[in-house]
Amino acid sequence: MKTLFKTMNLSRTCSIAMLLPLAILAGCTYFNNIPPVTTLENPTRSRTLGDYEVAGNVLAVQVCAACHGIDGQSQSPMVPNLAGQQKDYLVNQLQDYRDHTRSNKYGVQFMWGMASSLTDKQIQELADYFSKKPPKQAAIGVGDVATLARGKEIFERGIPAQGVIQCNSCHGPKGEGMATFPRIAGQHAYYLIQQLNVWKEPAQKEFMEVGGNTWAPRSITFARPHGELMQNEERNLSKVDAEAVAIYLSTLN
Amino acid sequence: MIILRNLTGAAFGLLLFCICLDYAQALPLFSRQTGQNCVACHAGGQYPELTPYGRYFKLTAYTIGERTSIPVSVQYVGGAATSTNGNNGTGQVHQSGKLESNYLFLDVGGKITDNFGAFSQWYYAFDEQVSGKGSIPNQNQFAADIQDWRYADHYVGNSVDTIKDFIWGASLNNYAGATDVWNSSPMWMYPYMGSTRNYSTYGLPYNSRLSAYSVHNPGYGVYGYLNRNFYGEVNLYQSGGSGPLSWMTYPASNSNPNSAPVYLQGLNPYFRFAYQSDEHAGHNWMLGFLGANINQYSSCNSVADSSTYRGTAPTCGGPVNSPALSAGTIKFQDRAIDGQYQYLVDPHTVTAQARYTKENISDPTGILYSNPNNKTNSFMSKVSYVYDATYGAAVAFQNITGTGDAHYGTNAVTGANLNPNSTVWIPSIWYQPLQNLRLTYQYTAFTKYNGGTINYNGLGTNASANNASWLYLWLAM
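Chains as they are written, first to last, in the working numbering: chain W, 177 to 429; chain Z, 7 to 483.
Warning: the hint list may mix true and false statements.
What the hints assert, rightly or not - Covered stretches of chain W, as calculated for chain Z (at least 3 residues, CB under 8 Å):
1) 238-246
2) 252-262
3) 324-338
4) 412-425
What the hints assert, rightly or not - Once the Cα atoms are required to be at most 25 Å apart in a straight line, the calculated BS3-like pairs of lysine-lysine come out as:
5) Lys-281/W - Lys-376/W
6) Lys-308/W - Lys-170/Z
7) Lys-297/W - Lys-328/W
8) Lys-381/Z - Lys-309/W
9) Lys-281/W - Lys-263/W
10) Lys-376/W - Lys-297/W
Worth flagging that the hints you see were computed from the coordinates, not collected in a lab.
We treat Cβ as the ideally placed atom computed from N, Cα and C, and that holds for glycine.
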């Protein structure tokens, strides 16, 4: 009798030993093959990416707003204000993030993942949502008089001797932007400086700048395909001038 | 038992195999889910410390992003620990700086549905030192680590409304403070990792009941976060016992007294309220108030099943790990204020956390303490700086004072009760060549231990004899 029990125990152990790995393998296979199904039990408040059924304005407040603010007014100087941004510009940038062609540092770290599965329709809706929000009140009390004066001069007249064209020729008389040219008025100075530096070192090896796609170190060429018009301006602007114009722009309404 | 152990090993191996099938996805679960870099959620990349966005991600129940095809990731911690003075009456087993594995973590969960997600961590500890039991050989152990299963919803109003933004939810978790998002409450505060061989690497030898890993029991609670400024939560913890939630305290009939179950009487509340500032020019701060009332039964939790020990197990009068329901309870009342400061503007990350806890301990039947009433005051803090999410340095200061009691030991010469008064500094530096790989050197320096700096226990042991250094690698994938 005892032997029988022992045998039963042994066979049970053996079957568990065989079934458990099978179950795990089956589980892995199952999870590997879950289609991109909709899980929208809460479609008006979903934070699901990769589901075409989630409306752009839902993503805007449930996902984007975490950093960019519900009204497109961000709190961190690293994160651009989107309120009142030009719609065409937003569409272009979201597409570039989705295609992994806009590859400035924070774009890779933060935006590649967020944008990677957006549909064209969602991109249109997101751009629509943020472009219609009233722009953020400009910064006040930043920069000294000389810096602001220098920034204003570059914004309005450029630096002809260095081949820097005045900003307002494309970005509008008040920096409000125009179609694919972004609004730069009232933007965070820190963000503007970062963007002005993108072309300074176009090829940079940054191990940390890998998005959620692979952990292997690789070099990323910093680029902004829709910003190539800015190449000369950015390369020819000195550090001090770039800061001056960025601070000035942050004070524009 | 051996078969079970082999099976566990096989299961682990298979999981690893499944993960390796998709090598390109060998990033931590949340990173795969959002497609974002670790620095999006972790301040300067110093996981587990959270950024404002990381807080949002956790409070909205880990639901941002795409559900991953393999909801699993692993972490490995290993390194070399040294102790200054061997086992000179300190209770710490001497470490000579040998390279050893410490932990293998298994993380599952992430986004499950629109509103439901989980952080579910399990660990396998290699050769874990049995705390305060220098005579018992180190043990391997698989156990339920931090569990946080959440449901959350996020309402967004108009900018002119009083309620512009409201996140609310519910959590099923297994440690008081597991729900924390500021790294200033017990479970998630610095030092984020300690060696399984030398508990000095974790800091203070005694702490309030409301401290890391102290209340390993299932709890459920609700929370709300209004306009990203006002936070409140209440959780109730109760004994896992052998009920449906006992998996959260696994292993309940364990082989290692370090995580022997704490038997709680009834429902034990943990609460937290906090004010989080808006961000200005990269600065943000939080000020909060938290506490817990914990009623704990006596249990024979210093002894384990001798068959799982590789050495001799100590003896104990009653059944292993059973609560003594008739012996009364120890009542811990903890009240704390805490705060955090962060400056997050690349390439600079400056963060600081602090918590001050007042604790009243009532043990009328003398279960753990010789006095019917005891008090402790403890202060925990940390400041860190990270450059370019790659090079980091931190220093922690921890201090505890309290009434003398036989619980803290007695002087070998005078027989007088010792007190918990201890002070420790924990500096560390780290290098993070990849976002999911960190090499840290951490030193623990005691300036006071059990109320003294020199010969605190009558055996000639100095506070500094408990010092420890630890060089370790932390890989997450």
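Outcome, coverage hint (the stretch 412-425 of chain W, chain Z; C-beta under 8 Å; three residues)
violated (count 0)
With a cut-off of 25 Å on the C-alpha distance, tell me whether Lys-308/W and Lys-170/Z pass.
Roughly 18 Å separates the two Cα atoms, so the pair holds.
Outcome, coverage hint (the stretch 324-338 of chain W, chain Z; C-beta under 8 Å; three residues)
That given contact is violated, which follows from only 0 residues of the stretch 324-338 of chain W lying within Cβ reach (below 8 Å) of chain Z.
Straight-line Cα separation of Lys-381/Z and Lys-309/W no greater than 25 Å?
violated, 55 Å
Sort out whether Lys-263/W lies within 25 Å of Lys-281/W, counting only the CA atoms.
With Cα atoms ~23 Å apart, Lys-281/W and Lys-263/W stay inside 25 Å; holds.
Coverage claim, chain Z over the stretch 238-246 of chain W, checked by counting residues with Cβ within 8 Å (three needed)
Coverage by chain Z holds here, the residue count being 6 at a Cβ distance below 8 Å.
Hey, Lys-376/W versus Lys-297/W, does the alpha-carbon distance stay inside 25 Å?
Judged against 25 Å, a Cα distance of about 34 Å means the pair is violated.
Does Lys-297/W pair with Lys-328/W here, judged by a C-alpha cut-off of 25 Å?
violated, 38 Å
Take a quick look at whether Lys-281/W and Lys-376/W sit within 25 Å of each other, Cα to Cα.
The hint holds at about 13 Å.
For the stretch 252-262 of chain W, count the residues whose Cβ lies under 8 Å from any Cβ of chain Z; is that count three or more?
holds (count 3)
In this structure, the earlier hints numbered 3, 4, 7, 8 and 10 are contradicted, and the remaining ones agree with it.
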